[in-house]
Each structure stands twice: as C-alpha cells, then as structure tokens.
Amino acid sequence: MIRLRTDFFAESLGMGTSMVVLMPQAAAGIGMEGAGAAGEEGAADGRHPGVPVLYLLHGLSDDCTIWERRTSIERYASEKGIAVVMPEVRRSFYTDEAVGEAYWTFVAEELPQLVARTFRVSTAREDTFVAGLSMGGFGAFKLALHHPGRFAGAASLSGAVDPASLPLELNAGHLAERVWGGRGISGTDDDLLGLVRRADPASLPALFLDCGTEDELLPQNERFLAEAEARGVEVTSRLRPGAHTWDFWDQGIQDVLDWLPLRR
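0 is the number of the first residue of the sequence shown in numbering that gives the first Met the number 0; add one for each residue after it.
Heads up, a few of these hints could be off.
What the hints assert, rightly or not - So the derived label-pair ranges between C-beta atoms look like this:
1. Asp6 to Ser71: 20 to 28 angstroms
2. Gly148 to Pro48: 16 to 24 angstroms
3. Glu233 to Asp188: 19 to 27 angstroms
4. Glu221 to Thr117: 23 to 31 angstroms
5. Gly99 to Gly148: 27 to 35 angstroms
6. Glu221 to Ala25: 41 to 49 angstroms
7. Thr122 to Gly15: 35 to 43 angstroms
These aren't lab readings, by the way, just hints derived from the structure by calculation. Think of the CB as a built atom: it goes at the ideal place given N, C-alpha and C, for glycine as much as any other residue.
The whole structure should be built from the sequences, with the hints applied where relevant.
Pasting the structure below:
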C-alpha cells in the first residue's frame, strides 16, 4: 500500500486539517499480499476509473491515525485492493457544530470532492463505502441515511447510533452544548432512529451493524435494529461477545472488509 498523511486547508472548516490515505499497489513486501494495480496514485480519468474506496471514521477520543495505530488496516485493505480514507473530525460527532466547525459539511461534501480530485479512486456508488467505530459508526450510518445514492455499503462498529441516550458522556466538557447547542436531537438530521424510520428501504445501501454484548452501547444498537426491522430496512447484524475495545474492532473491520460487495 501507498500510505500518505495529507495536511490541507478545508474551506468548510476555515482551517487546516488532516487525513491519512492508503492506496493499493500491486507490489508487496515480505509477508504481504497486494491486490491493487501499480501506480494507483493520481486522480481517476476515463482510462483509469479508479479503485474502490472506504471512508473509515474515527471515534470520539481519536484522530485520523488511530485505525493504523490500533489495527492492521493497511494489511487488511491491501489484500482487498481497496483505498482507505481516514479523515480528522475531532470531537464533532460528524455534525456542523453549533459552536465550532462545519464537520458534517466537510465530511459529506468537501472531503469526497477533494479525494476524487487528488487520488485515483472511483466515484461510482458501487465502489464507495463508509465505516466507523463508536462516534464513527454514527457518522457512517448518518452518511448512508442522508446520502444513500453515494454508497454501496455502510458499516457501524459499536456505533453511538442514538447519541441522545448518552447524556453523561456528551455533557462531559460541555460537548453536547458545543455540538448541538443544547437542543434536543430527536427529529433532527442527527436522529438516526428517526431517519431509518422514514427511510425508503429500496434506496439504502447495504448496512452492517456489529456490537459487543458487553458493550454499554448495546441497547441503542438494539433499538436501531428494531426500528430498521419495523421499517423493512435490511441490516446485516452481529451482536457477539465483546466490549468497547480495539480487540473487538480489529476483528470487526476485517469482517467488514469481507462483507463489502466489492466488484471483482
């Protein structure tokens, strides 16, 4: 894999930010397998439509490097021939913060445009995927529910899919006030349960939900699954032994990559 740490100015944020990008390549070192084609760097064009891409989102306490530091995502992605984009969103909950920066606009609009201009990745729906852990699982499903036409699959690992039910965690450091301005989440663009309740099942990407049975976020994941089932939204779900830990997510991201409907 070609690994790049990219620092750039984001118009939607009004400041510099970062992302880590992994691009496939055919060459592989000792003990590695590479499924990509040589020279994958560079923007896609008519002759080179680009490789599939996974936007991989971090959690509340993390940054754009965390997936690399806690898992073997580079090795896993290399075997699949898929690019991985890991953006920096701080503690924004993938929202346009009430007091802060427009991280939802950044992730949903500016980031994919920048990636498409800069790297040789496909922009086709069938080649575009999103996944994340905890806060990032919320972000992944939020993107899928708001922009179903952009993604072929979305995966949430131990996702905070109902942030309204996390008052203690979100009130720490006045996070809820900064992100949501103290207003309720129910009925807003961040209410994933409401979004899935109103969704058109036929238009949605494939959804994958993975959560540990010892995870404190299990009840809200069960509520999401219940709402999805009531609406007729199909979700590939696994409620398996495990907690809110990197051991769980390291296995989870491997399973997500195996689940992705990648074109061969």
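So, going through the hints one by one against the coordinates:
1. Asp6 to Ser71: 20 to 28 angstroms: Because 24 angstroms falls inside the window, the suggested range holds.
2. Gly148 to Pro48: 16 to 24 angstroms: holds, 18 angstroms
3. Glu233 to Asp188: 19 to 27 angstroms: holds, 23 angstroms
4. Glu221 to Thr117: 23 to 31 angstroms: Because 40 angstroms falls outside the window, the suggested range is violated.
5. Gly99 to Gly148: 27 to 35 angstroms: holds, 28 angstroms
6. Glu221 to Ala25: 41 to 49 angstroms: The hinted range 41 to 49 angstroms holds for Glu221 and Ala25, with Cβ atoms some 43 angstroms apart.
7. Thr122 to Gly15: 35 to 43 angstroms: Between Thr122 and Gly15, where Cβ atoms are some 25 angstroms apart, the hint is violated.
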